[in-house]
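Chemist: From just these sequences and the hints, can you work out the full model?
Taking my numbering, the leading residue of the sequence shown gets 22, the next gets one more, and so forth.
Just so you know, these hints were derived from the structure itself, not from any lab. No experiment lies behind these values; they were computed from the predicted model shown. Some hints here could point you the wrong way.
To be verified - Here are the in silico distance ranges between beta carbons for each label pair:
hint	residue 1	residue 2	range
1	Leu50	Glu29	36 to 46 Å
2	Arg27	Ser55	30 to 40 Å
3	Ser55	Lys26	41 to 51 Å
4	Pro54	Arg27	30 to 40 Å
5	Met46	Lys26	29 to 39 Å
C-beta atoms are modelled at their ideal positions from N, C-alpha and C, and glycine is treated no differently.
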Amino acid sequence: MILKKRSEHLNKKYIIRYERAYDMMLNVLKQIPSDLPRHI
Numbered sequence: 022m023i024l025k026k027r028s029e030h031l032n033k034k035y036i037i038r039y040e041r042a043y044d045m046m047l048n049v050l051k052q053i054p055s056d057l058p059r060h061i
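Modeler: So this is what it looks like as structure tokens:
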């Protein structure tokens, strides 16, 4: 039980880190001028 709780906590940590990285990537993409071709 203790090990399971521990691994769930670690998973949450990694998920939060991944979500932050994803948000940063989206912000960078938003900063790219929208007049670039969409098919890239």
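Chemist: Regarding proline 54 and arginine 27, is the given constraint of 30 to 40 Å on their beta-carbon distance met?
Modeler: violated (46 Å)
Chemist: Is the distance from the Cβ of serine 55 to the Cβ of lysine 26 consistent with 41 to 51 Å?
Modeler: Once the Cβ atoms are compared, 45 Å apart, the range 41 to 51 Å for lysine 26 and serine 55 holds.
Chemist: For arginine 27 and serine 55, compare the CB-CB distance with the range 30 to 40 Å and indicate the outcome.
Modeler: violated (45 Å)
Chemist: Are leucine 50 and glutamate 29 spaced within 36 to 46 Å by their CB atoms?
Modeler: Given a distance of about 31 Å, which is not inside 36 to 46 Å, the answer is violated.
Chemist: Cβ-Cβ distance between methionine 46 and lysine 26: within 29 to 39 Å?
Modeler: holds (31 Å)
This entry does not satisfy hints 1, 2, 4, going by the numbered hints stated previously.
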